[in-house]
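Spelled out from the first residue to the last, the chains are:
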Amino acid sequence: MKALILVGGYGTRLRPLTLSVPKPLVDFCNKPILLHQVEALVKAGVDHVVLAVSYMSELLEREMRVQEERLGIRISLSHEKEPLGTAGPLALARELLNIDNEPFFVLNSDVICDFPFKDMLQFHRNHGKEGTIVVTRVEEPSKYGVVVFESDSGIIHRFVEKPQVFVSNKINAGMYIFNPSMLSRIQLRPTSIEKEIFPVMAQEGHLYAMELQGFWMDIGQPKDFLTGMCMYLQSLRQHAPERLHTGPGFLGNVLVDPTAQIGENCTIGPNVTIGAGVVVEDGVRIKRCTVLKGARVRSHSWLESCIVGWSSSVGQWVRMENVTVLGEDVIVNDELYLNGANVLPHKSINESVPEPRIIM
Amino acid sequence: MLKAVILIGGPQKGTRFRPLSFEVPKPLFPVAGVPILQHHIEACAKVPNMKEILLIGFYQPNEELTRFMCNTQQELKISIRYLQEYSALGTGGGIYHFRDQIVSGSPEAFFVLNADVCSAFPLTEMLSFQKEHGEPNSFVILGTTSLNHCFTLRSRLLMFFIQVLHYVEKPSTFVSDIINCGVYLFTPDIFQHIGTVFQKNQQDMLLEEPTNGWHRAEAIRLEQDIFTALAGQGKLYVYKTLSFWSQIKSAGSAIYASRLYLNQYHTTHPERLASNKEGGPKISGNVYIHPTANIDPTATLGPNVSIGTGVTIGAGVRVRESIILHGATLQDHCCVLNSVVGWDSTIGKWARVEGTPSDPNPNDPYAKIDSETLFRDGKLTPSITILGCNVTIPSEVIILNSIVLPHKDLNRGFKNQIIL
Chain A
1 MKALILVGGY GTRLRPLTLS VPKPLVDFCN KPILLHQVEA LVKAGVDHVV
51 LAVSYMSELL EREMRVQEER LGIRISLSHE KEPLGTAGPL ALARELLNID
101 NEPFFVLNSD VICDFPFKDM LQFHRNHGKE GTIVVTRVEE PSKYGVVVFE
151 SDSGIIHRFV EKPQVFVSNK INAGMYIFNP SMLSRIQLRP TSIEKEIFPV
201 MAQEGHLYAM ELQGFWMDIG QPKDFLTGMC MYLQSLRQHA PERLHTGPGF
251 LGNVLVDPTA QIGENCTIGP NVTIGAGVVV EDGVRIKRCT VLKGARVRSH
301 SWLESCIVGW SSSVGQWVRM ENVTVLGEDV IVNDELYLNG ANVLPHKSIN
351 ESVPEPRIIM
Chain B
1 MLKAVILIGG PQKGTRFRPL SFEVPKPLFP VAGVPILQHH IEACAKVPNM
51 KEILLIGFYQ PNEELTRFMC NTQQELKISI RYLQEYSALG TGGGIYHFRD
101 QIVSGSPEAF FVLNADVCSA FPLTEMLSFQ KEHGEPNSFV ILGTTSLNHC
151 FTLRSRLLMF FIQVLHYVEK PSTFVSDIIN CGVYLFTPDI FQHIGTVFQK
201 NQQDMLLEEP TNGWHRAEAI RLEQDIFTAL AGQGKLYVYK TLSFWSQIKS
251 AGSAIYASRL YLNQYHTTHP ERLASNKEGG PKISGNVYIH PTANIDPTAT
301 LGPNVSIGTG VTIGAGVRVR ESIILHGATL QDHCCVLNSV VGWDSTIGKW
351 ARVEGTPSDP NPNDPYAKID SETLFRDGKL TPSITILGCN VTIPSEVIIL
401 NSIVLPHKDL NRGFKNQIIL
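From first to last, the protein sequence lines are chains A and B.
Residues in the first sequence are numbered consecutively from 1, following UniProt numbering.
Residues in the second sequence are numbered consecutively from 1, following UniProt numbering.
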């Protein structure tokens, strides 16, 4: 089976991290975002993944060669040289997707959840129509586009963008499965799948909604990245608790790479991810953070709701909070306070940032 | 034979020192480990032939003051007495009221020092200067330079050579860059001049309508009433010093003064400075630690830190540019910067207590501290963080640029606020 992952462009919402590395390769809970999706697809029987990118990255190409070998599948890159919207990329990859008459998956690259690909396939085959959209329940539906569908059959009636009154609390989760015949609906030009393709398919009775069980998050920006991390770690606690780190000084769900070193008298967690080769010195308190590969957090510092970029160094007695994001190779000097600072790569910080701002 | 008079003010004065002045009279607040007044008294006691030190103020007799005087008398072996004004008499009125006490024993001269200044007190040099340059009965004001023209904190003197030609108290426009340090050397005939003003005030009062509030004829201000009159008459001189000087008006200036005095300890009291020892905390720069303080060897202190009696400092604590008062507890890994931590307060683990220094420009050797305003444009000006006595700061929070009044138990962090 095949899958198309809509990777897109520069990943600007996840800057400064995406200034160093293309978004699909940013580590989420110690594994590149893309790999979470690809591995789940492979488990469901996918042997060919197409990445629809609008920005070509050598790094991404190289990494995909490695994964091809490792997973024993084929990974192609479909490069859109001009913006094609959310449906256009499917048309661009038409030749790759239309080969056998099998349905193919389409995923939004920012989505993290307990990927239900096997269930999707089953559900899709059962109703026998052209398309299935996975929907998820949210607390504030009016921030998104909601899906109105029949709960027993799943048949979709219509879509409503940012409704003012309550219509439904289910939104498009960014995961689809389509029959190849649906590709004829899309022309090779900038097209919005939500606005132009789906409404037509729904009217013709060819679009069904499958409700997602479990957690869901769009991790395309730092705040949501951290929220998604908490959800993922909680899911690990339920399905694979042995992967989480326990012991004195560890609270709640904590994921620690085996090559990381943690000092004495630290209190780590809840909801912390520590990457490969990270060094955490003595007396450090970390809560609700992602610490990426090779970073160092020096003694007596206090971090909450932060992302510490690859190879960065956080000094002694530093306090960082409120979605402070350090890009790659950032140095934060001793005794500083960073509140909501967004720090670009290779920067040296020697002054406190008491109110949220961007440090270039 | 010489004497010294220290004007210590009273409770209505020094309101900018709240909330620290709720616990202790401002002149007894510890700076660089010892009460402010002690620095004055130690400087006076060093002058040869100093017979007696008189404290003049309008505080009611209180235990701390009495204990302080008693201890200091014993330690320095010099007579110290407190003369209580019956009401606020001003910087001139107090010494005039007690003139008989001051001139008893016929001192050839006497110093008058303001309690709210921090200085190297070059008293012996002032004496030599008076003998060399002045007329036999001239008066000397200690002066220093302020190159920053927008400071209007104190009075300005215009000198011809070293004689004071003109004296203006807190001018709003530039007059001169020499400021009055609040340290004077007088001879007994200063009282003639004060007496003249006193008489004149009495007569004026009889002529005037009684206005609202007390207008005491006996309230005389040295600066406005006496110096302005004496300027230009060949009696008033300035001894210009290059040594350190600062006002102590607010808590922020107490930390700055602490730095100046701690630095002076290298020459005057090296035993008061902590050093790096085996099994002791890491010391950076000038730090005072009272012998009864209990400090974990993994703590890092300084520069410019004073630790009071019975203070407990836990593992991995960082303290810099701060005053930690008696009985306070700083728990593991906390960080205290530019703050005053009140008596018996507690700071929780990993908490951050931080203020903003309002120091004068360190690159300008003559820069002086600004007389800070509490609010600017309706917002609290970032300044030193002050925790009053018995305040509890919970773990892991941040207290930034805030003032916490005594006996407060906080349950979250605060920034740029006064917490009542």
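In case anyone wonders, no lab produced these hints; they're calculated from the structure.
Note that this is a predicted model, so its numbers are computed, not measured.
There may be inaccurate statements among the hints.
[Said to hold, decoys possible] Calculated cross-link-like contacts (lysine-lysine; reagent style DSSO-like; alpha-carbon spacing at most 30 Å):
| # | chain 1 | residue 1 | chain 2 | residue 2 |
| --- | --- | --- | --- | --- |
| 1 | B | Lys408 | A | Lys287 |
| 2 | A | Lys223 | B | Lys415 |
| 3 | B | Lys379 | B | Lys235 |
[Unchecked claim] Label-pair restraints from in silico Cβ distances:
| # | chain 1 | residue 1 | chain 2 | residue 2 | range |
| --- | --- | --- | --- | --- | --- |
| 4 | B | Thr15 | A | Pro163 | 54 to 62 Å |
| 5 | B | Arg376 | A | Thr12 | 49 to 57 Å |
| 6 | B | Asn416 | A | Ile155 | 28 to 36 Å |
| 7 | A | Gly247 | B | Asn416 | 33 to 41 Å |
| 8 | B | Lys277 | A | His239 | 35 to 43 Å |
| 9 | B | Thr15 | A | Asn169 | 42 to 50 Å |
| 10 | B | Phe375 | A | Arg357 | 52 to 60 Å |
| 11 | B | Asn416 | A | Tyr10 | 53 to 61 Å |
| 12 | A | Val165 | B | Arg376 | 34 to 42 Å |
All residues carry an ideal CB built from backbone N, CA and C; glycine is no exception.
Straight-line Cα separation of Lys223(A) and Lys415(B) no greater than 30 Å?
-> Since the Cα atoms of Lys223(A) and Lys415(B) sit roughly 23 Å apart, the hinted pair holds (cutoff 30 Å).
Can you let me know if the beta-carbon spacing of Gly247(A) and Asn416(B) is within 33 to 41 Å?
-> Hint holds: Cβ distance 39 Å, inside 33 to 41 Å.
Below or equal to 30 Å on CA atoms is what counts here, so check Lys379(B) against Lys235(B).
-> violated (46 Å)
Does the Cβ-Cβ separation between Asn416(B) and Ile155(A) fall within 28 to 36 Å?
-> violated (56 Å)
Could you tell me whether the CB distance from Lys277(B) to His239(A) stays inside 35 to 43 Å?
-> The hint (35 to 43 Å, Cβ to Cβ) is violated, given that Lys277(B) and His239(A) are roughly 54 Å apart.
Between Thr15(B) and Pro163(A), does the C-beta distance stay in 54 to 62 Å?
-> Hint holds: Cβ distance 58 Å, inside 54 to 62 Å.
Is 53 to 61 Å a correct range for the gap between the Cβ atoms of Asn416(B) and Tyr10(A)?
-> violated (37 Å)
Could one say that the CB atoms of Arg376(B) and Thr12(A) fall in the range 49 to 57 Å?
-> This hint is violated: roughly 38 Å between Cβ atoms.
Phe375(B) versus Arg357(A) beta-carbon gap, inside 52 to 60 Å or not = With Cβ atoms ~24 Å apart, the hint is violated.
Using the C-beta atoms of Val165(A) and Arg376(B), is the stated range 34 to 42 Å upheld?
-> violated (47 Å)
Assess, step by step, whether the Cα of Lys408(B) is no farther than 30 Å from the Cα of Lys287(A), and give holds or violated.
-> Holds, at roughly 27 Å.
Is the gap between the beta carbons of Thr15(B) and Asn169(A) within 42 to 50 Å?
-> Distance hint for Thr15(B), Asn169(A) is violated at roughly 58 Å.
Of the numbered hints listed earlier, those contradicted by the structure are 3, 5, 6, 8, 9, 10, 11, 12.
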